[in-house]
Amino acid sequence: MTTTTTRIERHHYDVVVIGAGGAGLRAAIEARLAGKKTAIISKSLFGKAHTVMAEGGAAAAMGNVNSRDNWQVHFRDTMRGGKFLNNFRMAELHAKEAPQRIWELETYGALFDRTKDGKISQRNFGGHEYPRLAHVGDRTGLEMIRTLQQKIVSLQQEDRRTHGSYDARIRVFDETTITELMLDGDRIAGAFGYYRESGEFILFEAPAVVLATGGVGRSYKVTSNSWEYTGDGHALALRAGATLINMEFLQFHPTGMVWPPSVKGILVTESVRGDGGILKNSEGKRFMFDYVPDVFRKQYAETEEEADRWYTDPDNNRRPPELLPRDEVARAINSEVKAGRGTPAGGVYLDIASRLPAEEIRRRLPSMHHQFKGLADVDITKEPMEVGPTCHYVMGGIEVDPDSGAAYGSVRGLFAAGEVTGGMHGSNRLGGNSLSDLLVFGKRAGGHASTYVDQLAARPRVAVSMVETAVETALAPLQRDTGENPYTLQQDLQAVMGDLVGIIRRENELEDALGRLAELRERVAKVSASGGRRYNPGWHLALDLRNMLVVSECTAKAALERRESRGGHTREDYPTMDPQWRRINLVCSLEGDTVRLDRKPLPKMRTELISLFDRAELAKYLTDEELAEFDALAAADAKAAAAATAADAAGAGAAEKENR
Amino acid sequence: MGTKRQFRIWRGDADGGDLQDYTVEVNEGEVVLDVIHRLQATEAPDLACRWNCKAGKCGSCSMEINGLPKLGCMTRMSTFEENETITVTPLRTFPVIRDLVTDVSFNYEKARETPAFAPPADLAPGDYRMQQVDVERSQEFRKCIECFLCQTVCHVIRDHDENKSAFAGPRYFIRAAELDMHPLDTKSDRKEYAQSEQGLGFCNITKCCTEVCPEHIKITDNGIIPMKERVVDRRYDPLVWLGSKIFRRGQVPQTFVTSEHSPGAVRSHAPSGGTHSHAGGSHDAKSETQAQQGVNWHREVPKPTAPAVDASGRLPLTELTFDRAAAPSPFGDDVTFPLPPEHLNFAHPQQDEKH
Amino acid sequence: MTSSATNPRGVRARAAIAAKTLRTDRWWLAPLATVIGLGAWITYATVRVFMHDHYWVEKYHYLTPFYSPCVTDRCIPEASHFGQYLPGWWIIPDAAFTLPFLLLFRLTCYYYRKAYYRSFWLSPPACAVPDGHASYGGETRFPLIVQNSHRYFFYFAVVISLINSWDVVLAFRSPDGFGFGLGNLILLGNVIMLWGYTISCHSCRHIIGGRLKHFSKHPVRYRAWGFVSWLNVRHMQLAWITLGTLALTDFYVMSVAAGWISDLRFIN
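The listed protein sequences correspond, in order, to chains L, P and V. Residue numbering for the first sequence follows my numbering, beginning at 1 and increasing consecutively. Residue numbering for the second sequence follows my numbering, beginning at 1 and increasing consecutively. Residue numbering for the third sequence follows my numbering, beginning at 1 and increasing consecutively.
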């Protein structure tokens with residue numbers, strides 16, 4: 001089959017944004033504001049992206065509720081949450097710019113919940129020292145995506161006034177999937193994909209592509225993620241010559257629904273715990289007190305009484321252990337269930353009914369009340385919920401330049417933002433940091449993609465042969481009729497990942513997983529889809545499988561390599577954190593068809609940033625060598641400070657003399 | 001542990017289709033969408049159906065179950081009798097694409113026509129101050145997940161397709177209401193817009209939109225009726241009218257919204273209007289060279305000059321008062337066709353080799 | 001939008017589903033009940049209004065709301081609290097100044113509109129059941145555009161509710177001065193419900209506070225709006241309850257006036 005016999009719709013754009021979630025839309029807005037002709041590509045309908053699922057809020061140190069909050073504290077929390085494996089520069093930019101990005105949303109029409117003095121209200125969340133999450137009830141993600149969507153509409157209206165067409169400078173291609181990025185040498189030249197609706201092919205010729213495709217959760221059976229999360233962006237980037245980092249770190253949200261079976265994995269927001277919900281095992285014991293790790297011992301309550309006091313008086317009490325970072329809570333629940341103290345459906349109880357009056361629960365957690373009533377016929381104002389860990393977020397992703405979002409590796413013109421990137425969250429993401437991450441880095445990626453386009457001397461061109469190959473690959477599953485059903489393959493892949501590369505990992509299981517993934521790779525190469533090209537979900541899945549598989553391989557390989565437990569990566573055979581490993585990022589790349597794994601040193605934190613931390617805290621994470629360096633630094637600082645005071649004193653003395 | 005249940009699912013596309021019978025195994029606690037998924041994984045791998053979050057938050061899996069518009073993921077199987085045959089059909093109001101998937105672009109078009117939030121000019125980001133009681137009404141409408149169940153159930157367009165051009169539907173009435181009640185929105189003619197452009201008058205408040213709303217938004221009571229009352233304020237209320245006559249205040253200028261359907265081509269834009277990218281010549285020499293290489297697609301080129309209008313804002317169409325024998329060019333009279341090739345944004349495939 | 005961009009609208013057809021509705025529940029029950037309920041009430045009210053008798057209990061000063069205020073020259077003079085202005089033809093209701101407005105208040109009420117559009121006009125009879133008409137213009141043009149005048153009738157209804165309240169006050173009488181009986185309780189209950197229905201009206205909710213952009217600047221009106229909103233949620237129930245209490249009150253007064261029963265007196 002060649003292009004001459006296949007109809008391909010062609011479009012020219014300056015910036016193509018793949019993904020229409022928070023990061024993608026923010027990037028597109030930025031590119032359009034920079035005057036670039038922008039296309040947004042969405043796998044589902046416009047405004048349905050996975051961002052709508054985010055409930056808790058967007059973390060930004062605005063200090064509206066507690067004025068002691070500022071970007072340094074937010075930065076510290078983020079690094080602490082990520083177990084110091086974060087790319088410090090990303091964490092810094094994020095903490096500094098998040099408030100601006102949130103305020104910007106208000107100018108687009110967002111309506112956050114308010115404080116008494118009319119500012120944006122902020123709520124407590126796991127791992128955040130102060131109330132920091134801007135929120136709207138428990139549907140913050142929906143508010144964000146709707147706001148960005150409506151901002152795009154308003155830009156389109158502006159374009160219609162000046163250019164006569166809504167689509168003049170920014171256009172949304174919904175229900176469109178990109179299967180391949182087109183390269184001209186090492187430069188991005190465009191993107192190739194198909195309309196889901198008609199199955200017709202579409203080619204975008206564009207010098208810059210922003211990937212904002214989200215995560216990889218669909219490779220797991222129990223996941224809070226939707227079908228869209230098949231790791232497309234990760235795989236596209238790999239195939240285009242970019243690299244992935246930290247792929248071993250997956251966040252399992254501690255509280256997903258476990259019953260009924262069909263909704264297993266759907267999220268129960270952390271706000272339930274933030275608003276007073278407690279975790280109990282089948283014996284009725286509030287077990288989280290047994291699972292506070294040493295590094296957090298100082299910040300968390302030791303008795304139930306103290307924990308209960310915290311909800312009303314957070315300044316004089318330590319927080320309840322239910323609000324530990326997600327990885328800790330997920331592991332604790334996992335251990336309880338494994339020890340036979342779980343509920344019949346294999347979870348633990350999350351109880352808010354006995355803690356708050358029914359009316360208050362309905363007011364504070366309307367969508368949770370609604371969700372349990374609707375999906376499980378459980379009234380959370382009367383009964384406890386059954387919850388268990390669910391695959392929620394991938395910390396790893398495309399390795400990017402922190403400031404510009406440009407992908408590392410051999411490719412140029414490729415940018416990324418949001419969950420598809422790696423580094424920002426280190427080994428574990430704090431709740432609420434993802435929504436602000438989308439905005440901060442979405443804007444950066446969109447802006448820098450525009451700058452990149454401006455700097456190009458000549459536009460890269462799409463080679464006909466590349467398009468032909470892409471067409472062939474895309475049509476292959478439809479032309480085979482002997483291969484396996486894509487749904488079976490997906491289930492097998494999910495089983496491998498869930499059982500062998502899940503929350504708790506072991507060396508032999510990971511090796512086994514790699515073997516099975518290799519087998520699956522053979523089978524996926526022969527997958528066949530029945531039916532035609534028009535809105536054929538079987539065919540769509542068959543094409544997505546290849547992406548899921550390569551990303552899963554990265555995860556499994558990296559998980560096998562990292563011999564320690566940290567954040568979203570827990571090795572039963574190496575149960576503790578190892579400071580040596582903190583200095584290393586594992587980088588995945590693609591060599592031909594095989595996944596290659598390299599070690600790469602973590603960038604070193606700048607002096608003024610590292611001095612934001614206590615020595616005692618750093619001692620838990622850093623190697624002796626690094627600590628010695630920190631001490632030297634501190635000593636030099638102290639000396640400088642002493643000198644400065646002495647000089648001040650001398651100056652003051654001199655002044656006094658003169659006055660006499 | 002599962003039981004066998006009878007299903008009738010509409011299969012087909014715009015060229016036709018019919019209800020097909022399926023017998024599916026259903027387990028405890030499942031919803032209709034699970035059954036659709038089981039069918040996809042077994043009997044009918046190409047059964048088309050939209051879905052995303054499976055938790056009633058994204059509004060993708062809208063379908064009609066036993067004749068009523070519902071979300072597939074929020075309709076529990078336990079709400080049906082064991083021996084009941086469950087009929088699943090695509091949304092009736094919109095053109096079908098295939099099986100349960102319909103073309104909902106009508107809604108996105110209406111969304112694009114609804115004027116966006118107009119931020120106050122004098123407030124910097126971060127300076128917005130709003131009280132919770134003032135934002136709550138709009139927040140209710142912002143719960144909308146855009147499942148379009150209200151749009152599909154509304155008989156104004158469900159039973160009368162010809163009303164589609166003049167009627168925006170409940171979703172966009174509450175969008176207008178949301179903005180009209182937004183404490184900081186500066187646009188004051190949203191009610192007029194709702195009445196004249198969105199077709200608020202078509203609504204006869206039979207409340208089906210409220211009945212089907214999965215987010216339980218009181219679309220009619222809190223959105224549509226208050227908007228109707230706001231229209232009454234401006235147009236029909238005797239006391240308001242009397243008050244404005246007597247006190248000469250409270251008079252908000254009756255701004256009229258330009259109709260989306262009106263012929264807008266003759267309306268000239270402000271001559272100072274920004275840049276325009278795809279036609280005409282450029283002033284900037286550098287951009288020009290780049291343009292000739294087909295590189296800078298957004299070099300600044302002047303907007304075509306709009307034709308002169310007379311005192312009443314109309315084009316002088318009579319030959320007596322006009323210096324030309326025909327109507328002015330919509331592209332501006334200073335543009336002549338064909339355009340010189342160097343003014344076109346066209347990159348010849350072999351161009352780079354030449355340079 | 002892919003579709004709108006690549007396919008001009010109107011080209012594609014809807015799903016070919018033969019059945020007019022696939023609803024399997026008893027969707028016709030609600031409209032049917034409305035037709036029966038409203039039909040019965042209207043019949044009763046028409047009969048009563050043109051009966052021109054048994055509306056006034058001389059002894060206890062009970063006046064049925066259907067004849068309040070009684071303004072034709074055939075009215076019993078004691079029952080005409082506000083004078084007599086009209087000739088007493090049988091076609092003219094004795095409460096000619098109020099009944100038409102009350103009728104129009106209810107006719108243009110947002111709840112009754114829903115009820116009769118669905119049940120009598122079949123537009124639509126129930127959700128997702130096809131409209132009984134080939135074309136539809138809604139309330140965009142005459143005559144239905146007149147529905148927008150609900151606000152006027154609300155103002156009238158407030159005045160009429162005041163008159164009804166005055167009737168209730170006047171009825172606390174017996175031949176020997178103050179007194180009250182079961183009839184007073186019924187009259188009082190009726191008028192309270194009438195106020196409930198009138199105040200819970202959507203137009204009232206709008207005037208009281210709904211039209212404000214900033215509740216925070218008008219705390220008193222905000223509280224009033226909150227109260228009216230609370231009532232407004234029950235507007236449908238109040239609409240039916242008042243139909244019931246009106247008929248009941250009238251029937252009781254008629255029975256006492258006609259001497260079929262005697263009023264149960266608590267004091268005098």
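Just so you know, not all the hints are guaranteed correct.
To be verified - Under the rule of at most 16 Å between Cα atoms (straight-line distance), these lysine to aspartate or glutamate pairs were calculated in the EDC-like manner:
1) L/K96 with L/E522
2) P/K143 with L/D113
3) L/K116 with P/E136
4) V/K20 with P/E136
Derived from the structure by calculation, the hints contain no laboratory data.
Next on the checklist: Check the structure against each numbered hint from earlier and tell me which ones fail, lowest number first.
Outcome noted: 1, 4
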